[in-house]
Structure formats: C-alpha cells, structure tokens
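6 protein chains.
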Amino acid sequence: MIRPSGRQPDQLRPVTITRQYTCHAEGSVLVEFGNTKVICNASVEKGVPRFLRGEGKGWLTAEYGMLPRSTGSRMGREAARGKQGGRTVEIQRLIGRSLRAAVDLSKLGEYTVYVDCDVIQADGGTRTASITGACVAIADAFKKMQADGLVKDNPMKEMIASVSVGIYQGVPVLDLDYPEDSNAETDMNVIMTENGGFVEVQGTAEGETFSRQELNSMLELAEKGIAELSEMQKAALAG
Amino acid sequence: MIRPSGRQPDQLRPVTITRQYTCHAEGSVLVEFGNTKVICNASVEKGVPRFLRGEGKGWLTAEYGMLPRSTGSRMGREAARGKQGGRTVEIQRLIGRSLRAAVDLSKLGEYTVYVDCDVIQADGGTRTASITGACVAIADAFKKMQADGLVKDNPMKEMIASVSVGIYQGVPVLDLDYPEDSNAETDMNVIMTENGGFVEVQGTAEGETFSRQELNSMLELAEKGIAELSEMQKAALAG
Amino acid sequence: MIRPSGRQPDQLRPVTITRQYTCHAEGSVLVEFGNTKVICNASVEKGVPRFLRGEGKGWLTAEYGMLPRSTGSRMGREAARGKQGGRTVEIQRLIGRSLRAAVDLSKLGEYTVYVDCDVIQADGGTRTASITGACVAIADAFKKMQADGLVKDNPMKEMIASVSVGIYQGVPVLDLDYPEDSNAETDMNVIMTENGGFVEVQGTAEGETFSRQELNSMLELAEKGIAELSEMQKAALAG
Amino acid sequence: MIRPSGRQPDQLRPVTITRQYTCHAEGSVLVEFGNTKVICNASVEKGVPRFLRGEGKGWLTAEYGMLPRSTGSRMGREAARGKQGGRTVEIQRLIGRSLRAAVDLSKLGEYTVYVDCDVIQADGGTRTASITGACVAIADAFKKMQADGLVKDNPMKEMIASVSVGIYQGVPVLDLDYPEDSNAETDMNVIMTENGGFVEVQGTAEGETFSRQELNSMLELAEKGIAELSEMQKAALAG
Amino acid sequence: MIRPSGRQPDQLRPVTITRQYTCHAEGSVLVEFGNTKVICNASVEKGVPRFLRGEGKGWLTAEYGMLPRSTGSRMGREAARGKQGGRTVEIQRLIGRSLRAAVDLSKLGEYTVYVDCDVIQADGGTRTASITGACVAIADAFKKMQADGLVKDNPMKEMIASVSVGIYQGVPVLDLDYPEDSNAETDMNVIMTENGGFVEVQGTAEGETFSRQELNSMLELAEKGIAELSEMQKAALAG
Amino acid sequence: MIRPSGRQPDQLRPVTITRQYTCHAEGSVLVEFGNTKVICNASVEKGVPRFLRGEGKGWLTAEYGMLPRSTGSRMGREAARGKQGGRTVEIQRLIGRSLRAAVDLSKLGEYTVYVDCDVIQADGGTRTASITGACVAIADAFKKMQADGLVKDNPMKEMIASVSVGIYQGVPVLDLDYPEDSNAETDMNVIMTENGGFVEVQGTAEGETFSRQELNSMLELAEKGIAELSEMQKAALAG
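So the protein lines, in turn, are chains A, B, C, D, E and F.
Residue numbers for the first sequence, in the UniProt record's numbering: 1 to 239.
Residue numbers for the second sequence, in the UniProt record's numbering: 1 to 239.
Residue numbers for the third sequence, in the UniProt record's numbering: 1 to 239.
Residue numbers for the fourth sequence, in the UniProt record's numbering: 1 to 239.
Residue numbers for the fifth sequence, in the UniProt record's numbering: 1 to 239.
Residue numbers for the sixth sequence, in the UniProt record's numbering: 1 to 239.
Hints listed in this document are in silico derivations from the structure and should not be mistaken for laboratory results.
Please note that a few of the clues may not be correct.
The list makes no distinction among identical chains, and a pair is therefore deemed to hold if it is satisfied within one copy or across any two copies.
[Unchecked claim] No more than 16 Å apart at the CA atoms, straight line, and that leaves these computed lysine to aspartate or glutamate pairs for EDC-like:
| hint | residue 1 | residue 2 |
| --- | --- | --- |
| 1 | K234 | E158 |
| 2 | K152 | E185 |
| 3 | K234 | E90 |
| 4 | K157 | E208 |
| 5 | K157 | E206 |
| 6 | K57 | D104 |
| 7 | K157 | E78 |
| 8 | K143 | E220 |
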C-alpha cells in the first residue's frame, strides 16, 4: 500500500501553526495540515450565557465554517441558505466540547471565549486541524487576559490536540488527507491532552465494520501523532 | 459504588421491543430501555435523493425528535422554534449513518427508507435505544418489501444494536440512565453488529480525561451489552 | 347508508382515556378515539408571557404535532422543514383557545400551562380527541398544583370536550373517522362544556353548502356525543 | 344597549365596493366595511400546484396581510419577522377555503387564481370584508378570463359573502366593529352563498359560553346581513 | 426621442400627496408619482433600540414592501416566503438612512419613528416616491408629537425629497416610469434637501457605462425635479 | 488635516493582489488594501438560473461575508443567526451588479460564475477591495475557461476597479480606512472601468449634506485612484 501522498502510514502531513494571523482577535492562528488551512480566532467577551450567570464561571463555545470554495466543488454558503448544515453543527459542537475539556472554566471569570474556525482550504482533517490550531489561539487569548488583568491564573488546564486515523486499503494510517478520507474503510478522530489523556474518540465504519484490534492499532497511531502535534504547539507558543 | 437503580455495573435495564406499535408504518417499534421509550417508525417511499438517481441503489435516512415533555422539564418544540437543535442533528445523523452500515443499499432498489425515532419518555440512552429499536423496524419494513415484491433479497446485511457505557464514580458501567449519565465522568456510545463488528464508537470525557485502560473496560462492557441486545432483537423478530 | 365502520350514525368510536401515560408531565393522558391516538401532556411552569406580567393571572397555551408516520403516507417533519404548517397552527390555536375557556385564569396565579398534543396515530378527529384528552390532562395538572400548594382553588371552571359531526352520504353522523372525513360533504367540530354551553362551533362545507336544518341536526348529534364524552372524562378522573 | 356606533343591532356598517382599484390585477377591489378597508386583488396564472397537475382542473388560493400600521398600534411586519403569524395563517386558509366553495374548479382549466387580501385600515371584521370583496374580485377575473378566451364557461358557481355576528352586552348584533369585537362575549363569522347555503360557520365564546338559542339568533342576523351584502355585490358588478 | 408617456425630458409625472390617508398612524400619506402609488405611514413609539438606550436621543427606521400584485405580474409575498428579498432590504435601508439625515435625532427624545412604505401600485420610481411621501408623513408625526407635548422643538432639520434620473435612448430624462426604467442605459436615484444639499446619490450603469458629462446632466435634472417636489411637499403641508 | 495613517489626501493604501491564493477555485485572489484583506474566489459551474435557461447566455452572481472576528469586536456569524444582514445583502448585490457590467454574458455560454468575497480582516473599504480583487479572480477564471475550451472568446469586456472617497474633516480624501470611514462626513464608493467609464456611484451624507462641488472633488479623486488600481490589476495579471 502506498499512500496517495507518498507518506509513511504513521507520518503526519507538514504542519505549520502561524500565530497573530489576523490583527483583531485576542488569539488568531492559521493552522495548516498539508493543504488543509484553517483560521482559528479566539475572541474574549465580557459576560456568560444565561444558564451560567452569577456562578462566577466562564464559558467557551465554538463555531465552524467553510468558505464556499474551500472545497473541490463550490458548496452553497450557509448564511445564504439560512441554516448551518448538519455536518457543520456536529463539528462545531465537537470543537467546543473538546476545548472546554482543556479549560478550567472556574478560573476564567464571567467571560465567554468564542472560537471561530473558518476553513479557507480543505484537504481532509479540517476538524482535527481546527482543534489543534484553536487550542493555540485560546492559549494566546488567555495570555492576553492575564496581561490585561482580566484573569489571575491561566485558565488552561492542559493543551489538547487532535488528529484523524483510519484504515486505508487495509492499513492503519495517520492524518488522512482528502483522497484517503474519501476512500477509507474506517475513519476515527481522536482528541487527547498533551499528557496523553483521552478527551474524545469518534470512530466510524464507512463501509466494513472494524475490529477491536484495528481500533487498537488506530489508537496507537493517534497517540503518536498527537504527541508530535503537542510538541509543535509548544514550539509555536514558545516562538 | 451502588448504581442509583441498584443494577450491577454490567447489567442492562429491562428492555422491551414491541413490534407493530402503530398501524401505518411499514415497520413500527416501541423500544423501551427502562423508562426510556422511543417510537421507531420505518417508512418506505419510492425514489431516492437526487445524488443517487439512476444508480439503481436505495437510501436510508433518519430523523429524531423528542416530545416536548418527554423530559423532566419541558423543552421548546423544535417545530415551533423553526429549527432542529444541534443535539438533535447530531443524533439523527448518527442513527442514519449507523443503520446504513447495516443495509446493503444496492439490494434496496430505488427506494428510500425514512426512519423516525420519536422519544415519548426520556431517561438516558435515547440514541442507543433508538438505533436498537429502529433496526428491528427496518427489518420489518424489509420483510414487507419482500412480501410485496418490491425487493428480491433482504437488504439487511447484519442487524446492529447500540448501548451506552461510561465511567460513573470511577467504575465502568453499562447502559447509563439519566441520573448516571448526568454525573458520569465519561460517556461512550457504541454501535456494533450482531457479529461483533464495530460500527461506531463515540467516547467523550465529560470532566476528567479517560485512559486507554478505561477505554478498554468500557468497550468490553459494550460488547457484552450489545450481544444481549442482539439476542433480544432476534427474539422480538421471531415473536 | 352504512358507515365504513359499521357504526350507527349517532355512535361514537370506542374511546379510552389513559391517565399518567408518561412520567414527567404534571398531567399526561393518552386519548384514543378508535384508531386515533394522541398523547396530551400538560406542563406547568412558573411565569407568564410578557403581556400578562404583573396581573396576577395565569396563562394556558397549546401546541400540536403529528409524528411523521402517524398517517397513511409519511408527512415531512415540521421541525426539519423549519416551520409549522397552516393546519398545525390552526389546530393548536383552537386547542389553546378552547381550553382557556375551561379555565379561570385568575385562579391560576402567575403560572403557564403548556399543553402538548402529539398524535402518534391518526384516523380522523385528531383535534377533537386532543381537546377531550387535554382537558383531563390539565385537570390532573391542576390537582397536582393544588396538592403542591401552588394554587389554592381549582382553576377549572367546567370540563370541556369535543367531537366532530358531519354529513356523510346525506346523513348526519357523529365522530367521523378518516374514511368518512375525507368524503364528507360537511364537517363540523364542536366544543362544549360538561354543562352544555357552546365553546366553539366550526362547520365547513367541503363540497356542497349545508342548510340551516342540516346544521341543526349536526348540533344535536354533537350535543349527544359530547355528553357521552363528558361522562367518560368524569369516569377517567374518578378512576 | 346602545352600540358604540349608534347602529341598530341588525344594521350593517356603510359598505362600499370599488372595482378596478389597482391597474395590474385581473380583478382588483377595494372593499370598505365602515372604517375597515381591504384591497382584494385576484391574479390569474397559468399552471396549478403539483398535486393537481394533469387533472384539467384549476386552483384558487388566498393570502392575507395587514399593513403594519393598519391597526391602532403598529404591529411588526411579518416579512421582516420572517414568518406569518398564526392569526394570519388561520384567516388566509379561511378565505381560500370559502372562495373555493364558490368556484367550479373543473371549469377553470389549469389556471391558479391567487387572491391577495391586504388590509390597509382595520376596524374589526377584516376577514369578512376580505371574503366579500374578494368574491367580487374573482368575478371580475373570471369575466376577463372569458373575454380573453382562457375559459369557456364562467367558473363561478354562486357568489359568496361573509359577515360577523356576536353577542355584545347580551344582545345579538350584526357586523361588529373593533370596539364591539374586543368586548363581545361571543363572536361568529358566517359565510353564505347568494342563495342562502352555508359555506362556513365559526363561532367562538370569548368569555362565557353561548347557548343554542343565542346561536340561532346570531345565525338569523347573519342570514339577513349576508342577503344585503349579496345585493351590494350584484350592484357593484352591474355598475 | 419621444418618451413613452409623451413627457418632456425634464418633466415630472403628475404628483399628488394626500395626507391623513389612513386613520391610525401619527403621519399617513398616499403619494402618487403618476401610476406609482405608495402608502407612507409614520408611527411613533416610546423607546429606542438597545444601542441608543440612555443617550436621550431618538431613532428612525424604515420598512418597505410591495403588495404582491402591485406589479404587472404577481410577485410572491415576502411574509409567506419567510424573508425579505435583497431589493427590499436595499430600498428600506436607503429610505431609513435618508430620512435620518433629515432629522435631528437629539431633538426627538427617546422615541422611535417607524416609517412603513407600502407600494399598492408600481410604475417605476417606488423608492423615490416613498422617500418624498414619507418625509411629509414624518413631518405630520412630528407636529403631532409637538402638539402632544412629546417633543419641544420640531426634530425636522430640513425636508428631503427624491427623484430618479437616467439616460434613456441616449437622452438624460427626469422621473423614469417603468417602461423607461426597464430600458434605461443608466439609472440614478438622487436625494436632496429642500435647500439643495445632497443626501444620497446612487447611479448605476445598466448596460453601457456612463461618462462624467452624463453624470453632470443627470444631476442637473435631479436638482430641478427635487426643487419642484420640495414645493409640492410644502404645499401639501400647508394645505 | 492629517490623515490617521499619515497618507496624502489623494494617496491609496498599499495594495497587494495575490493570485492563486487557494487551490480549488478557477480564480482565487487575496486582495489587500492596507489592513483590509479579502479572499475573492471565482467558481465556474455549468448551468444558469431558471430565468436565463435556453438563452445561450451566462450569469455571474456574488456573495459576500465577513469572518466573525474580521472586525474590532466580534460580530455574530450570519450562518448561525440564519440570515444575512442588510449590509451584507446590499454589498453582495453591488459586487454582482458591477462585475456583470464588466462581462459580456453572451460570450460566457450557459455557465454561471459564482464570486465569493470573504473578508478575513477589515479596516474600511471591504466592498471596494472586494470588487477590485474579484475582477482579477474572474479574469483568471475566464482564462481557465478559454484554456479548457469552455468558451471561445474572453467574456471580459473591460476590467473594473473600485475605491472609496469621502470628505474627512472637510477635506476630500481617497481610499478611507476604518478610522476615517467611521468619522467621515460623506462616504462615496465609485466603480469604474479601466477605460474611465462609470459603472456605479454611491455617495451618502453621513452627517451633513454634501455640495455639488464636493461631489466633483470626490469624483476626481476616485478617477485618480481607480486609474492606479487598474494598473495594479494589469501588473498582477501580467505577473
């Protein structure tokens, strides 16, 4: 089996994490997993949703979108159609839920962090790139909040990162690009902390079912990939 | 640790599967996982969505809803609010995707099966009960299609069933009810075929992350529970 | 003329009223008029709509829905289409308006009663069954409010019930089922109190117009049917 | 009892019916019932809704709207709020259903008549004025269709007209204006043909229930009023 | 070049401005530019939008609509389609923005003026007629506010009026009607104050581009036409 | 008067036009007017809207959006709110209308060009940057269409470009950035062809009205600025 990109089965695509990508957001990251490019902006606003008011805790929520022509053929603009599609809803709920697992909301005070992940070019793995980039963006936003005296302690508990794994032509592979993703037998998105705890595991059989052993192989690849991504996040934040 | 219901950690709630529950649908099942009660109707219609036309294959799609007072406090009616919530969208996509894995769409001909899962009473695990009951409903619909000469071979590849597992007060438990679900550290929904293949695994850390070992314990509980549910499905279909 | 069901012209279908049908709602009734089956849940919430705030009065409002496959062929789900259809709106306004006529809102305090009528199986007369069942559900909810000390006096002024009448093949008939309803020359829904006062009368010529005399005949049938339904409501509440 | 307007209990408001009110519609009428003013436009378009295609029959449908400041205080514009309110939906369904009873759709050919009733000033009775005026507008549209050779025979079976009746301060009154309507114990809208057949009867108890005898008194007033309105329609069409 | 209407290139259509056209609004004008007829209602309500609260200033906003059959062929009703079209949005933003330029909002107190421009018959130039008529309606509303003691000084700074100009068959013309508008090479809407200041200029090349010289010719026609319209507004307000 | 940026009154911001910015679209441009950055993608699809079918002509339409945090404070995502705001609608209509003026649709064949202008960072002038960048993107798309044999002749008639001008602190200035735009007395957007023809002129008085002489000064600045932008477009396309 040769991957369309020529990569080894356990090899990530080239990853870049560019901070301060746009000038207005408290944290702004362009994350690239190969040809997949996502702008991750973290915005801090005073106040929390109604269900949290008066509890002294903060909130974090995420929204996800794709530029209409981020993909091979143009998709209708969700704003023009008047609703977000099911896939969008599913992804933005995943991003928000995962990032909240990285944050100690009780240290955030009554602030809400809005994370916007907007895909400008898609080649598979947009949700895992989004989570990996967005975690750096919120790290920057938290630093700014500390510098501005809005919070005392850094609300980040542990950094998280995410990668996809799958079974492609019978072989477990790491970080699927679009040609692999659209032909994989099984596709799994894994989100872990920098210390190796699992935050979310979502595996789906696309055609054939998968076995316990295949699941294990995929989890091992994911652990390896996320460890590498965590190092890149650290390097980016140190840069 | 004592479960709120007094069950053993590896014990399912009482499960009942009532076929022919309503009179119009080609397959109609009331499934009960303890106090969780879901009507699963399978409707067969001629024709397929545009993207499949002319391919000689069928389609299956699912919709999910909760009666406004299926829950402890009343939720706004989605039809009145003018949109389905994110959780609803996520669940109905999961139900549809899983059931399609159970079906050989090429044997279905140009028919669409609409699966409607409507929760009339909720006590945790509505999505796993929905999938387990809906698979019986589509089995009935397929039998009717064969009897009516609409399809030649049964389009069902393998029956599927689903159960939730989680870590509750540090202990892996099977088939969480609402009091457990709302306090679990980790919650995982597993969907498998009657022959033990994995169709979907979705595990989420609610508070603390989970370890590889905890993941393994949960998967083992799920395998046990789904084997039992598969037997109940068979018994119901034989009844 | 022989009715499709073999009933006498002035004969109701078998009616059952099952209380405590689901476990969460303050009042929960499954009402069956023959094959028409409707879940009627009454939910009590603190607070009133803005236009009533500070007046010390309560409010009651109703919503109506049909499961997509409650009917012979599947109807699109209103939540998925993003709006309630005209028929739905018309029916839920009728249910709410009628039930408010049964209630002394000034005795309710600043509470809102939400009535949800969800049709799980339809065979004609869903709106009249809904009103008849929902009145029992709110009676239960009011009892619970009294028991919980939320209201002092029972806010129910008089029980109401409802039935349809029509001209079928030239003959006035009581409680039309679907085969009659879809072929009736005239269809009338009547809502009355247990003491014989009229709450609402809605008669519509479907094909030919109707005469004053036919109107009178239909009203007499309705008076008879509603008297019987009132007795069944009393029996159910006494049960 | 003295009516706010000083009218006799069985006296209509001054009614005017102005044809050719706007220049584009096939039939265009301004109808005035006292201070209630409604523009009724009938538009003829080739084609019928999907459910009627190929049957050689026509269709008629109605839409209703109120200018935001047709009323004492401004109502939000339905187009801006993104949906028609329940009252609007209920009224336009009534208008369409009633007018279809006046028309032999099989003589209309595969044309659709759109009736638009837009209230420019409201003082009670907008739905009855709309129906009365719209019937004249469709009569004009049918004449034009005959003149243009689109239909051979006039599709109008019988003209219809409509009026409201009610119990105001204990007295049955004809054609309620807004001060009466907002204080009536019972309000009933009656639609009849020029030959005295009933098309629709909708009576609602607003506070107290009404008796069979009060119902009869109201129906008699309605018969008298509609006979007068029918004469005015004839005079307008002859003018 | 002969204009379809036979007018001179610099000649307005017959213009009428009827005040107190409907009875409820604080200012109500029917404005006619030839066959274009628009009802302009100004409604005064206590309170301002959130972004202005507590600043002691008022607000003015406008909405625009067309009756479905105000045009040669029927347009779908925006309320029924569930959204306002792009053209509607563009026009109502223009009307509101222009009228705000006529008003000293700081003299208005915390009141909002809603301007509703509803086209009952269209023959080109509906937006310019709307602005010209609406300015008279708000003048009446301001007089009423002064009379009622709601404001001390008249909030009107300067009256504004509006007219369209264009290049039709190579010739600059004033106040285009529909036959001209739909064939013009260039179409420009100009809004000016009674004292000759420009409020808004919107010129669009429909087919060929226009030159600086053509732009100048059109502006001169507009200045002439608006001067005449300003006189008619004054006469109407003096009447 | 010193401009916040220190620029001369007739000086553009630094402008860059980056082609092939994303990899999927037929034409893809990142345009920067200072800190304003817009991705302009041109997508070519077979087929035309219904109103053009069978005429052998093509169509071009545009959509506009801003990333939620492209601005100083986060704006709600239009896709999540379920509708495009009035400003968005106004701008995308302007972009589409202007670009159609640049194109000979009869040379395009039955293809539709979708132009997507997505603002990733905003600092004033997003609509003028969008038009200027999008014209380069469609030029690239047309070249690709010619290379692929989809069209024979280049459908571009003349390139167009756009710039804003205004009166800032009494002085006419070119290409307003956000600090100027939000304080300008008058703001005007001008769109011209590379040969100096006017395509659209939209001038709005924000506070005080503007005079004919001020209008002339602004037009002269615009002519100068657009001539420079046209040169940059040519250079980019030659690059």
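Status of each hint after checking the structure:
For the homomeric pair K234 and E158, the shortest alpha-carbon distance inside one copy (11 Å) is at most 16 Å, but the shortest distance between copies (46 Å) is not. Proximity of K152 and E185 under a CA criterion of 16 Å is satisfied in neither setting, with 47 Å inside one chain copy and 27 Å between copies. Within a single copy, K234 and E90 get their C-alpha atoms no closer than 28 Å, and across copies no closer than 33 Å, so neither meets the 16 Å cut-off. When the C-alpha separation of K157 and E208 is checked against a cutoff of 16 Å, the pair qualifies only between copies, where the shortest distance is 11 Å, while the shortest distance within a copy is 38 Å.
In the homo-oligomer, the alpha carbons of K157 and E206 lie at most 16 Å apart only across protomers (14 Å), although the nearest pairing inside one protomer, at 34 Å, exceeds that limit. In this assembly of identical chains, the alpha carbons of K57 and D104 lie at most 16 Å apart only when taken from the same copy (9 Å versus 43 Å across copies). Taking CA atoms no more than 16 Å apart as the test, K157 paired with E78 passes in neither setting, with 34 Å inside one copy and 32 Å between copies. Proximity of K143 and E220 under a CA criterion of 16 Å is satisfied in neither setting, with 33 Å inside one chain copy and 42 Å between copies.
When each numbered hint is compared with the structure, violations occur for hints 2, 3, 7, 8.
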